[in-house]
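Peer 1: Sequence:
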Amino acid sequence: MPAPRCHRIPQTTYTFGSHLAGYLKGVTDQWLRPAPHANPAMLEIFRDRDRLPQRNLVPWAGEFAGKYLTSAVQILRLTGDPALREAIAAFVKRLVQLQAEDGYLGPWPGTNRLTGAAPNVMGHDGLTWDAWGHYHAMLGLLLWHEESGDRKALACARRMGDLICDKFLGAKSPRLVDTGSTEMNLAVIHSLCLLYRQTRAPRHLDMALQIMEEFAAIGPDGSPLAGDYLHSALAGREFHQTPKPRWESLHPILGLAELYWLTGQDECRQAFEQHWWSIAKLDRHNNGGFSSGEQAQGNPYHPGAIETCCTIAWAAMSAEMLRLTGSSVVADELELSTLNSIVGLHSHTGRWVTYNTPMDGVRKASAHDIVFQAREGSPELNCCSVNGPRGLGLIGEWALMQGEEGLFLNWYGPSALEAQLPWGKVRLTQETEYPRGGQIALRVTPAKAAQFALHLRIPYWSTKTRVRLNGEALRGVQPGTYLKLDRKWKRGDRVELDLDLSLHYWAGEQECAGQTSIYRGPILLTYDRRLNDMDPADLPELDARGLKGRLLAGTPELPTMVLAEYQATDGRKLRLCDFASAGEGGSPYISWLKVRNAPSTPYSPANPLRSGRV
25 MPAPRCHRIP
35 QTTYTFGSHL
45 AGYLKGVTDQ
55 WLRPAPHANP
65 AMLEIFRDRD
75 RLPQRNLVPW
85 AGEFAGKYLT
95 SAVQILRLTG
105 DPALREAIAA
115 FVKRLVQLQA
125 EDGYLGPWPG
135 TNRLTGAAPN
145 VMGHDGLTWD
155 AWGHYHAMLG
165 LLLWHEESGD
175 RKALACARRM
185 GDLICDKFLG
195 AKSPRLVDTG
205 STEMNLAVIH
215 SLCLLYRQTR
225 APRHLDMALQ
235 IMEEFAAIGP
245 DGSPLAGDYL
255 HSALAGREFH
265 QTPKPRWESL
275 HPILGLAELY
285 WLTGQDECRQ
295 AFEQHWWSIA
305 KLDRHNNGGF
315 SSGEQAQGNP
325 YHPGAIETCC
335 TIAWAAMSAE
345 MLRLTGSSVV
355 ADELELSTLN
365 SIVGLHSHTG
375 RWVTYNTPMD
385 GVRKASAHDI
395 VFQAREGSPE
405 LNCCSVNGPR
415 GLGLIGEWAL
425 MQGEEGLFLN
435 WYGPSALEAQ
445 LPWGKVRLTQ
455 ETEYPRGGQI
465 ALRVTPAKAA
475 QFALHLRIPY
485 WSTKTRVRLN
495 GEALRGVQPG
505 TYLKLDRKWK
515 RGDRVELDLD
525 LSLHYWAGEQ
535 ECAGQTSIYR
545 GPILLTYDRR
555 LNDMDPADLP
565 ELDARGLKGR
575 LLAGTPELPT
585 MVLAEYQATD
595 GRKLRLCDFA
605 SAGEGGSPYI
615 SWLKVRNAPS
625 TPYSPANPLR
635 SGRV
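In this text, residue positions in the sequence shown follow this note's numbering: the first is 25, and each later residue adds one.
No lab work stands behind these hints, which were simulated from the structure alone. Among the clues, some could well be false.
Label pairs and their computed distance ranges (CB to CB) [what the hints assert, rightly or not]: (1) R492 x L258: 44 to 50 Å; (2) E457 x G317: 18 to 24 Å; (3) P560 x M146: 34 to 40 Å; (4) R109 x D522: 34 to 40 Å; (5) L575 x P106: 22 to 28 Å; (6) G317 x R492: 45 to 51 Å; (7) R499 x P560: 44 to 50 Å; (8) G595 x H255: 54 to 60 Å; (9) E457 x G609: 21 to 27 Å; (10) Q475 x L258: 39 to 45 Å; (11) R109 x T593: 21 to 27 Å; (12) R637 x L575: 39 to 45 Å; (13) Q294 x A124: 53 to 59 Å; (14) D72 x Y627: 21 to 27 Å.
In the DSS-like style, the derived pairs of lysine-lysine whose C-alpha atoms are separated by at most 25 Å in a straight line are [as the list claims (entries may be wrong)]: (15) K449 x K514; (16) K618 x K597; (17) K472 x K508; (18) K305 x K618; (19) K176 x K196; (20) K388 x K49; (21) K572 x K597; (22) K488 x K572; (23) K117 x K176; (24) K488 x K472; (25) K572 x K618; (26) K388 x K449.
Where a beta carbon is used, it is the ideal one built from N, C-alpha and C, also for glycine.
Produce the complete structure using the sequences and hints provided.
Peer 2: In structure tokens, the structure reads:
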């Protein structure tokens, strides 16, 4: 069977500095640890699913526990925080005790389990995303089992998988696709594949393959019941043209990648890659976020809401794409999304995340924007609050990877990453202000001298990159590739990178015609009213020709990763900060700016950002 080009290295230890360290600590202390206690209905909705009066629930209420668990485990992998580990263990212990005898672990009454409908949805009869909730619970439990070895977590996930098979596997009616909300409920294909890796029970793989067939199901009226994710992609259709272009479809599409690993069916790989490139071209915004109004529109300039859950799904899909292709450009996309949208959707305290992190606008806590999801016993729960931290946790999936060709270093920033390899440990330590500055000093410290290849990501936007190995300049450094350093590494070896942080520009079209996004390395530079004297309606124009700024120190109370000052064409000074920090104080921000002489660069797989230099 095919193997990933590169993959996460289990048991890697991570020590991050600067802003990321603060976000990880804040998310852990301010949200992940207190959330179950502050929102006890996260689990209580399972306990009293058959009690009267029935709880008034949103269709996706069953997802909250699983999304929370997935976020918590992936953050734990980065921090190793013992208090968080203890909190997760206690949470899982309570969760598995709430599973019904038949394996059901959802919030809906007995006769409505996995039927796709219930009488207590938003106060009336309505559709449910029940299998979707089971998908997220299975995913979180499997990750926790992988991290902790908790056999009860695996057994709980297996009983859920067995229930899905008992109810839907084979020539049974209704099929899973007949239960509706298919871009959500068919996502269980992904967790069934992951479960099969643990159980090797043929029925789990058979059910996943059956769901893949159901992707193409047609209803009695001739309309598609699901997204036809395999055939539409193989036919070359863009993702936004599929029957189900909502963001949730990315999760069943993840099942295609897993089926490729498990069965070797190359059509699954081809379809997955087609969907990924389509989104990168037509629906990934200037800030690295995905979706407009909760779905693909085929227009990266669309002003619709860029939902947190959508961007997290895009990051998860991108991490899988990186495993599949080993492409440094995909890693560049992960960095773009992480440093701009994913950090930006978090409060710097870690206490809350947004629902919508627009290209231009303001940032609002999800608890305000989508307060309709709050219920008694869960005042802070919504689809985004439990899911947002996963975006930070996903860094562990791509920061440092291993493949047949060696190690792949994708994360740049102050850090120390230590991985256990077959011949011993190696520690990679970075001394840098990146992304504020482009100079990175990397120390490679193996436990003992060892021959291996270290691949350094050279971003596609870094057109002039300088690299020195133990003081000697290296030639042939190409943007949009990995620089392969294959040698016998020993203690004290040092690599110095100098990435090109000169400004590059994305000239807007459609709704953003006449406006431009300015990038400094991976960072989207953004106007924030709190940092400037002029108001949004009075922004001056910049001139891309000869535009040079000076870096400024950030403010300690609302810190920025990058803050620079530029002179506008009318002589005024315009301060721009990194997108992730913009709007932190509730002030309006703008990332599509007035820029004269900005180059227009077409999209290409080698430059999906469409950015160019003067």
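Peer 1: Could you work out which earlier hints the structure fails to respect and list their numbers in ascending sequence?
Peer 2: Failing hints, ascending: 2, 5, 11, 12, 13, 14, 19, 24, 26.
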